[in-house]
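J.: Please arrange chain U on chain S, whose structure you already have, making use of the hints.
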Amino acid sequence: MYQDTRKGPKRGVSLYSYSGEFGFEKNLEDCFEDIYDMGAHGIEILANTHIENYPYPTDAWVDNWFRLLDKYDLVPVEYGHWVDSRVLQDRYLTTEEAAEFLERDLRLAHRLGFRILRTKMPVITDTLEPVENWKDIIRAVLPLAERLGLTMCPEIHIPTNLNSKMVREYVDFIKETGTTSFALNIDFSVFRTGYAEGEFRSPGFVENKPEDIIPLLPYVACCHAKFFHVNDEFEETMVPYKEILHILAEHGWNGYLLSEYEGADKYEPGYCVGDTLRRHHIMMKRILGD
Amino acid sequence: MEREVIQSVGFRNIKENGEIVGFQLKIRQPYYRGVFLSQIKPGNLMVDGELFTKDQIIWKVNGEEYTAEDMRKDRYTHWHPMEPATLIIKKAGGLSQGYHDLEYGFCSTHSYMPPMMEDLSDPTKEEVIYMPEFGHNLHRRRLLIV
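Residue numbers (this note's numbering), protein chains in the order written: chain S, 149 to 438; chain U, 141 to 286.
Pulled out of the complex, with its shape left as it was, chain U reads as follows:
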C-alpha cells in the first residue's frame, strides 16, 4: 500500500465481454482507524476536469460492491485502514491511453469528535480545519492508463 490516498496500483480500464465499460482506481483511508460504510461521506471524482458524482461511483469493499445509497444505510460493513477500496465508474470506452489527472474527495464521521466537526465536513471541498490524523478531504494524483 502506498502513502498516497489514491493508489497507483489498481488504476485501469474495466473490460466486460471484450468491451471497455468503465474504469477503476483504488483509494486507502487517510485516517488510522477503520470505519463502517455509513460513516463515510463519499464526494466527487474529477478526471481531467470531467465530473463523476457520488451516485455514479460504486465502492468495492472486502470484495462487495456498494452504491452511495447502500453505503449510507450500511452500519455493519467495516472498511479496514489497511485494505484499499476500489472505486468503479461506468464509462463506455473507459479512459484514453496516457496520463490522467485524478481528484477524489471523501471524509468520514467520528462520534467521538464534537458534532460541529461533522457539520463542517464536506467531501467535495477542502477541509475547514486540517488535522493530520484525519488527513485531507481531497486527494489528487496523476496516473497512466496503458
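If we strip away everything but chain S, and leave its shape as in the complex, we get:
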C-alpha cells in the first residue's frame, strides 16, 4: 500500500463531500480518481455509505478496495462511523450493546487498513453533549482498539468551542487512561468567522482563534478541513486557513487535513463537488507548498 512519508500536514478528502453525487454520477472509483487528480493522498470514508454490504462486506469487495487504493496512491486515513445509541426508538443501548456495536466497526476499520476512526458520539442535547455513558462505552472497547492499533476520535464541530467543557472532558479522559486509542478530530468549522447573507448561525456559538488549537495538538489525530467558500483567487473567505495551517506546520503536527464540503448546494442536481474540492486543494497546496 502507498505510504505518504511527508512530514507535517498532508492533504486528503472526506468522501462525505460527494454525498450529493455518490451512487448517481460517481461511484467509489470515480471519487478515488478525482482525489488522485488533486494530488491528495488521504481519504475518509463513511462506513455505512461507502462499504457495500456494510457491516459485512464480501472478501471480493475488500480485495477491490485495496486494489483501488493502490491504483490511486491513497491512504485509508479515517473510517467515519456512528455509535447509534438510539438505534432502537424506545430506549438507549446499554453500555455493553453500544460497545458491541462499536467493536464491529473497529474490526472492519482494521480489515480495511484504517488507523483512525471518526467515532460519532450519540448526543443528548441541542449543544451536542454526548451520552452520559460515553466514557464507559469507550473504555469497554479500548483494549480491542489498542490491540488493533486504532485511534477513535470524536469530531469537534460547530457549535462546540475548543475551550469548552466537552473538549476538556475528552482530553481529561485521554490523560486519565493514558491511551493512544482515543484522540480528537478537529473540524475547522470551529474557526468559522464568515457567513453568507441570511445563512443559519448556531445560537451561542463563539468561534475559536486559530491559536486555540495549539494546546490540543498532542491529542489531534486528524482534522476535518471544513470549508465554505473558496473564491476565484482560491482563498477561503470564511475560515482563516493560512493562520491555521501555518500553526499546524510550525508546531510539527503530523496528520491529514480531510477536505469536507457540507454546503447544502451540493445536493442540487448538476452540482459538481469535484470542482469545489479542487478549489480547496489549490488553496491548501499553495499554503502548504506541496
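If you are wondering where the hints come from, they were derived from the structure by calculation, not from laboratory data. Hints are supplied without guarantee of correctness; some may be wrong.
Stated by the list, open to error - Rough simulated footprint, nothing fancy, chain S against chain U, three-plus residues with beta-carbon under 8 Å:
id : segment
1  : 171-179
2  : 194-200
3  : 254-260
Claimed, not checked - Far from chain S, some chain U residues (derived; all Cβ distances over 12 Å):
id : residue
4  : Met141
5  : Arg143
6  : Asn184
7  : Ile229
8  : Lys231
9  : Gly233
10 : Thr249
11 : His250
12 : Thr264
13 : Gly275
14 : Arg280
15 : Leu284
What the hints assert, rightly or not - Straight-line distance between alpha carbons at most 30 Å, and here's what the computed DSSO-like set of lysine-lysine pairs gives:
id : chain 1 : residue 1 : chain 2 : residue 2
16 : S       : Lys414    : U       : Lys166
17 : S       : Lys414    : S       : Lys390
18 : U       : Lys166    : S       : Lys174
19 : S       : Lys283    : U       : Lys213
20 : S       : Lys323    : S       : Lys155
21 : S       : Lys433    : S       : Lys390
22 : U       : Lys230    : U       : Lys200
23 : U       : Lys265    : S       : Lys414
24 : U       : Lys265    : U       : Lys213
25 : U       : Lys166    : U       : Lys200
26 : S       : Lys219    : S       : Lys357
27 : U       : Lys166    : U       : Lys213
28 : S       : Lys283    : S       : Lys219
29 : S       : Lys174    : U       : Lys200
30 : U       : Lys230    : U       : Lys166
Just so you know, even glycine gets a beta-carbon here, dropped at the ideal spot from N, CA and C.
T.: Just chain U, lined up with the frame of chain S:
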C-alpha cells in the same frame, strides 16, 4: 437508481399462482448514510387517495421481508443507501392499468442529532425543518401500471 425516492423501476402488480394478489414499488433513501431497520420510521402510502398504513406494508431489504413490527426490533439489518428497498402491499386484484398517484412517507432517527429532532419527525407529515441532507419525509410520484 434514480434520484427520485420513489423509483420508476419496480412498480408493478404481484402475481401468485396466476392471480394478482397485490402490488409493489421501490424506494431509495433520501439520505446519504445507511441505517439499521430499527432506525426507520415507516409512514403511510397513499395510492390515488387510498390509504395503506405502515402495518399493511411489507419492506423487502437485502432480499428479506419485514413487517413494521419486525423493523422496530431489528437493529442488525442494514439498509444501504445504494440499494432501493421494495414495498409490498397486499391488495386483491392489484392496481388497475394506467397512471397512479403515489405518496409515501418515512424518515429515520439519527443518534448524532439532538433528540429534539427525532421527537419532531413524523413520517406521515412534511418535515418541520427541511435539511437537504436528510431529504423530505413525503415522496410523490405518478407512475404507470401496464
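J.: State for each hint whether it applies.
T.: Checked hints:
1. 171-179: This one holds; 7 residues, not fewer than the three required, reach chain S with a Cβ under 8 Å.
2. 194-200: It is violated, with 0 qualifying residues against the three required.
3. 254-260: Held - the segment 254-260 of chain U has 4 residues with a Cβ nearer than 8 Å to chain S, which meets the minimum of three.
4. Met141: Violated, because the least Cβ-Cβ distance between Met141 of chain U and chain S comes to about 6 Å, which does not exceed 12 Å.
5. Arg143: violated (6 Å)
6. Asn184: holds (18 Å)
7. Ile229: At roughly 23 Å from the nearest Cβ of chain S, Ile229 of chain U sits farther out than 12 Å, so the non-interface label holds.
8. Lys231: Given a closest Cβ separation of 28 Å, the condition holds.
9. Gly233: holds (35 Å)
10. Thr249: violated (6 Å)
11. His250: At roughly 8 Å from the nearest Cβ of chain S, His250 of chain U sits no farther out than 12 Å, so the non-interface label is violated.
12. Thr264: Holds, because the least Cβ-Cβ distance between Thr264 of chain U and chain S comes to about 15 Å, which exceeds 12 Å.
13. Gly275: Violated, because the least Cβ-Cβ distance between Gly275 of chain U and chain S comes to about 8 Å, which does not exceed 12 Å.
14. Arg280: holds (17 Å)
15. Leu284: About 23 Å separates Leu284 of chain U from the closest Cβ of chain S, which puts it past 12 Å; holds.
16. S:Lys414 to U:Lys166: holds (25 Å)
17. S:Lys414 to S:Lys390: holds (25 Å)
18. U:Lys166 to S:Lys174: holds (21 Å)
19. S:Lys283 to U:Lys213: Cα-Cα ~26 Å, so holds.
20. S:Lys323 to S:Lys155: holds (25 Å)
21. S:Lys433 to S:Lys390: holds (11 Å)
22. U:Lys230 to U:Lys200: It holds: about 14 Å lies between the C-alpha atoms, which stays within 30 Å.
23. U:Lys265 to S:Lys414: holds (25 Å)
24. U:Lys265 to U:Lys213: Roughly 23 Å between the alpha carbons, so the hint for Lys265 of chain U and Lys213 of chain U holds.
25. U:Lys166 to U:Lys200: Roughly 9 Å separates the two Cα atoms, so the pair holds.
26. S:Lys219 to S:Lys357: violated (39 Å)
27. U:Lys166 to U:Lys213: Given pair Lys166 of chain U, Lys213 of chain U holds - Cα atoms ~22 Å apart, limit 30 Å.
28. S:Lys283 to S:Lys219: violated (39 Å)
29. S:Lys174 to U:Lys200: holds (26 Å)
30. U:Lys230 to U:Lys166: holds (15 Å)
Hint violations for this structure: numbers 2, 4, 5, 10, 11, 13, 26 and 28, all remaining hints satisfied.
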